[in-house]
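Line by line, the protein sequences give chains U and X. One point on numbering: in the UniProt record's numbering, the residue at position 156 of the first sequence is 156, and numbering is uninterrupted. One point on numbering: in the UniProt record's numbering, the residue at position 103 of the second sequence is 103, and numbering is uninterrupted.
Take these hints with a grain of salt, some might be off.
[Claimed, not checked] Cross-link-like lysine to aspartate or glutamate pairs, in silico, EDC-like; alpha carbons within 20 angstroms at most:
1. 218/U / 229/U
2. 348/X / 337/U
3. 348/U / 337/U
4. 42/X / 134/X
5. 84/X / 101/U
6. 227/X / 337/U
7. 227/U / 325/X
8. 288/X / 340/X
9. 227/X / 326/U
10. 42/U / 370/U
11. 260/X / 281/X
12. 227/X / 322/U
13. 84/U / 101/X
14. 424/U / 237/U
15. 84/U / 85/X
16. 227/U / 334/X
17. 348/X / 340/U
18. 348/X / 291/X
19. 218/X / 237/X
20. 288/X / 340/U
21. 84/X / 101/X
22. 439/U / 428/U
23. 265/X / 253/X
24. 432/X / 236/X
25. 348/X / 334/U
26. 265/X / 433/X
27. 348/U / 337/X
28. 227/X / 334/U
29. 288/U / 340/X
30. 439/U / 140/U
31. 348/U / 334/X
32. 227/U / 337/X
33. 227/U / 322/X
34. 348/U / 340/X
35. 227/U / 326/X
36. 348/X / 279/X
37. 42/U / 140/U
38. 84/X / 85/U
39. 227/X / 325/U
These aren't lab readings, by the way, just hints derived from the structure by calculation.
2 protein chains.
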Amino acid sequence: MAEPYRLTATGALAQFNNGSLTVEEYATSLLQHIDERQPVVKAWEYLNHDLVLSQARALDQIPKEQRGPLHGVAIAVKDVIYTKDMPTQHNSAIYTGSNPEIDAASVTILRSSGALILGKTCTTEFAATVKGPETTNPHDPGRTPGGSSSGSGAAVADYQAPIALGTQTGGSTIRPGSFNGVYAFKPTWGAISREGQKVYSLILDTLGLYARSVEDLKVLASVFGLKDDRVPEVKEDGVRGLRFGVLKTMVWEHAGPGLKDAMAKGVGLLKARGAEVTEFEFPSTFSKLPDWHTIILKSDGRTAFRPEYLTAKDQLDQSLIEHVEETHGYTRRDYLEAYDGVAALRPKWDEIASRYDAVIVPSVPDEAPEGIASTGNAIFNSMWTALHVPVINVPGFGGQNGMPIGLSLTASRYHDQALLEVAKVVGEVWEKEGGWTSKL
Amino acid sequence: MAEPYRLTATGALAQFNNGSLTVEEYATSLLQHIDERQPVVKAWEYLNHDLVLSQARALDQIPKEQRGPLHGVAIAVKDVIYTKDMPTQHNSAIYTGSNPEIDAASVTILRSSGALILGKTCTTEFAATVKGPETTNPHDPGRTPGGSSSGSGAAVADYQAPIALGTQTGGSTIRPGSFNGVYAFKPTWGAISREGQKVYSLILDTLGLYARSVEDLKVLASVFGLKDDRVPEVKEDGVRGLRFGVLKTMVWEHAGPGLKDAMAKGVGLLKARGAEVTEFEFPSTFSKLPDWHTIILKSDGRTAFRPEYLTAKDQLDQSLIEHVEETHGYTRRDYLEAYDGVAALRPKWDEIASRYDAVIVPSVPDEAPEGIASTGNAIFNSMWTALHVPVINVPGFGGQNGMPIGLSLTASRYHDQALLEVAKVVGEVWEKEGGWTSKL
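All chains, full assembly: derive it from the sequences and hints.
Here's what the structure looks like:
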């Protein structure tokens, strides 16, 4: 039998349920594995073994009939999300040792469902810069795991946690998902409370979820109350008959060989399995979307980081100082044009996406770049964040250096459950036939 | 000389500056006044005399050249906004004694400017119900001070603080402003960080500010970094030549005699002083705005209160349980129609408002109702919250029972500074000639 630390959430739940594993045994296995790997991967900003074990033991005391839907499942939390019993430090010297002693809404929901909160994972500063933390890519420590949810993506890929929370304002959930070869899910904006995670941009910030299986994401979706208007069909026949759009987007010029190859393979496999695939382009009205995202982000950053700017400017990253000082030069009029422009595109995109079961789009320009100084480029992600739509990175392909490259599936807003069902059958095809397999 | 507790913020700053008053003397005066009035007005949820006095003494130690723009100014904080040294309890049994030990963004900015945080003021549950806290209207303890920022509005009216923070998701800042006869300012959505205040609806929640003078609001606007694209003209000639729109709105049927009278008087006074006043109606495309606000509010409430629902449903108000359980029956499609519908109206409103220096709209249906069980009706406020525009309640009129009734000035988004300048000259006219004077 595999070591407990290798279990998915669903796998662990089954073993807790049939009595073959205790939460304490499970937690012990995870902690031992983390201890071995932390010196290389450095995914964790804070991890308290005693706290984890005492909570694991407490969970073991709960009678079976009173257990929650995530009973005992270990969850890593990005260190921009409040946890009442651990510090939340945002990778900022300003918040060293800061411990607000309150749970973020997401953490409250997870705990109330029986989850075991493991610890806090490394992030870029306030999840708002592309300067990497010390975390490395578990598949190659010479490469970035992406960011800003660096530790969360790396921990799930490296079997240090089956589930992790991230956030996304540009590409902070999907990019690490692709670079680390795991499922990453950014639900519809507003569908899960973002209370208790650091604000960068209210209209962009979204909670993100990592897992190594779609089944696990479905359990999370249920716990978080994601609910489409229509209960989605469970696909019994794989991808056969499903309608996929393919959209390379207006920034396809950024695609490297790894992405081009993955897109060709991914589409080819779906076609070969009987899916209907239609490539299309954005209408011209979408052309300013990437620029509008930038304008919103930097302008909202002025509001978001004013407190830190006033109290500890010398400890703030230069890029964030520039947001507050408006070196970008955007006026309020520019902001409103971008804000209203994106708002007008949302229903237009929903109408386009409603023609398909899912739309296949890039996750990243290519496999994870070398070095950990920069967490990479969010150019293929930010438009979907701005449009508020659900996005899932599905792993399955390999680049020129053997590193993973995923592709994203997206849909119209509040089709989160439907998208998960599609991601499940797509993932099965791509994982089996995509040619990339984790060696971890 | 008047007692220090009666000073506006600007008045207190002048006395600190010329050395005729220390912050400790000022704080002592306020605390004595609060002690006298708290048994009747009950504006405070938490007030720690020792903490206030020790901070006042610390402020007095700061050399003059290092003092901030709000040096020593006492500020009341609505109890849904985090303060690191005081509990934040949201008028919810679930959060009794809860103390996250972190400052909300707004409080960080105020402290960094030298403000003296006095204490926490009473609110309806999570600023999300209309069930009044125990706070009474200082002008008539048999009447509501409005809500949800009940304590903040009452405290400023009753000279228990010159400045208070509120929040607005429907009419929670403007309504208490009108009922208590003080200035209340809801800035453009997104212009001031709402980080660290309880979330009800991300797209609606806005920080609100109370003061007894527009000069004080201008100091706050500067501290919070509100900045229009164009530096607004200071009006040297009163309201003469200013262009005002008058918009009774599609819900004017809710207007009582007090509002009708105030609107007639307010408009008449401006005309008499040489302003150009044009009454107009919303285009028909705005007709669903009040309903859309309701749909957004209740649907977002489902997301916002899920954590409390899962952990302590029995301690949650029935109206909030109903949000989570979706007894309203709104679908995701209904929500998106409302969300996108309001988004499309925002630039349309900006275009309309740009024809005027300000648009005069109702603040409330009438003077504060009797009893404190309900905090009143937000029907005239919620549309402006949804449109994200700046709104200022200007006091000045009296109703049939001698209670205050204000009117609101609004404008297009990010014309906060310009609106303050207009409010100043309008307020001067209405206060002098409006016939209502506080007896407190």
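Outcome of the hint check:
Restraint check for residue 218/U and residue 229/U: the C-alpha separation of about 16 angstroms stays at or below 20 angstroms, so the hint holds. Restraint check for residue 348/X and residue 337/U: satisfied, since their Cα atoms lie roughly 12 angstroms apart, inside the 20 angstroms limit. The straight-line distance between the Cα atoms of residue 348/U and residue 337/U is roughly 17 angstroms, inside the 20 angstroms bound, and the hint therefore holds. Proposed proximity of residue 42/X and residue 134/X is supported: the alpha carbons are some 6 angstroms apart, at most 20 angstroms.
For a cut-off of 20 angstroms, the pair hint linking residue 84/X to residue 101/U stands: about 11 angstroms separates their Cα positions. Of the pairs offered as hints, the one joining residue 227/X and residue 337/U holds, with about 17 angstroms between alpha carbons and a cut-off of 20 angstroms not exceeded. The hinted pair formed by residue 227/U and residue 325/X meets the criterion: a straight-line CA distance of about 12 angstroms does not exceed 20 angstroms. Straight-line distance between C-alpha atoms of residue 288/X and residue 340/X comes to about 12 angstroms, which keeps the hinted pair within the 20 angstroms bound.
Under the criterion of a C-alpha separation no larger than 20 angstroms, the hint pairing residue 227/X with residue 326/U is consistent with the structure, at around 11 angstroms. Annotation: proposed proximity of residue 42/U to residue 370/U holds, straight-line Cα distance about 16 angstroms (limit 20 angstroms). The straight-line distance between the Cα atoms of residue 260/X and residue 281/X is roughly 16 angstroms, inside the 20 angstroms bound, and the hint therefore holds. Between residue 227/X and residue 322/U the CA atoms are separated by roughly 16 angstroms; this keeps the pair inside 20 angstroms, and the hint holds.
As the CA atoms of residue 84/U and residue 101/X are separated by approximately 11 angstroms, the hinted pair is consistent with the 20 angstroms bound. At most 20 angstroms may separate the alpha-carbon atoms for a hinted pair to count; residue 424/U and residue 237/U meet this at roughly 12 angstroms. Taken as a hint, the residue 84/U and residue 85/X pair is honoured in the structure, with Cα atoms around 16 angstroms apart against an allowance of 20 angstroms. Taken as a hint, the residue 227/U and residue 334/X pair is honoured in the structure, with Cα atoms around 14 angstroms apart against an allowance of 20 angstroms.
Between residue 348/X and residue 340/U the alpha-carbon distance is near 10 angstroms, which keeps this suggested pair within the 20 angstroms criterion. For the hint linking residue 348/X to residue 291/X, the alpha-carbon distance of about 18 angstroms falls within 20 angstroms, and the restraint holds. In summary, the hint linking residue 218/X to residue 237/X is supported, as the alpha carbons are separated by about 19 angstroms, within the 20 angstroms threshold. Restraint check: the Cα-Cα separation between residue 288/X and residue 340/U comes to about 19 angstroms, which is no more than 20 angstroms; the hinted pair holds.
Note on residue 84/X and residue 101/X: the hinted pairing holds, with a Cα-Cα distance of about 4 angstroms set against a maximum of 20 angstroms. Distance restraint check for residue 439/U and residue 428/U: the Cα-Cα separation of roughly 18 angstroms lies within the 20 angstroms cut-off, and the hinted pair is therefore satisfied. Taken as a hint, the residue 265/X and residue 253/X pair is honoured in the structure, with Cα atoms around 19 angstroms apart against an allowance of 20 angstroms. With a C-alpha separation of about 17 angstroms, the suggested pairing of residue 432/X with residue 236/X holds against the 20 angstroms cut-off.
For the hint pairing residue 348/X with residue 334/U, the CA-to-CA distance comes to about 16 angstroms; that is within 20 angstroms, so the pair holds. In summary, the hint linking residue 265/X to residue 433/X is supported, as the alpha carbons are separated by about 9 angstroms, within the 20 angstroms threshold. Restraint check for residue 348/U and residue 337/X: the C-alpha separation of about 12 angstroms stays at or below 20 angstroms, so the hint holds. Distance restraint check for residue 227/X and residue 334/U: the Cα-Cα separation of roughly 14 angstroms lies within the 20 angstroms cut-off, and the hinted pair is therefore satisfied.
Of the supplied pair hints, the one linking residue 288/U and residue 340/X holds, its CA atoms being roughly 19 angstroms apart against a limit of 20 angstroms. Of the pairs offered as hints, the one joining residue 439/U and residue 140/U holds, with about 11 angstroms between alpha carbons and a cut-off of 20 angstroms not exceeded. For the hint linking residue 348/U to residue 334/X, the alpha-carbon distance of about 16 angstroms falls within 20 angstroms, and the restraint holds. Between residue 227/U and residue 337/X the CA atoms are separated by roughly 17 angstroms; this keeps the pair inside 20 angstroms, and the hint holds.
For the hint linking residue 227/U to residue 322/X, the alpha-carbon distance of about 16 angstroms falls within 20 angstroms, and the restraint holds. For the proposed pair residue 348/U and residue 340/X, the alpha carbon gap of about 10 angstroms is at most 20 angstroms, so the pair holds. A distance of roughly 11 angstroms separates the Cα atoms of residue 227/U and residue 326/X; the hinted pair therefore holds under the 20 angstroms criterion. A distance of roughly 18 angstroms separates the Cα atoms of residue 348/X and residue 279/X; the hinted pair therefore holds under the 20 angstroms criterion.
At roughly 13 angstroms between alpha-carbon atoms, residue 42/U and residue 140/U fall within 20 angstroms of each other, so this suggested pair holds. Under the criterion of a C-alpha separation no larger than 20 angstroms, the hint pairing residue 84/X with residue 85/U is consistent with the structure, at around 16 angstroms. As the CA atoms of residue 227/X and residue 325/U are separated by approximately 12 angstroms, the hinted pair is consistent with the 20 angstroms bound.
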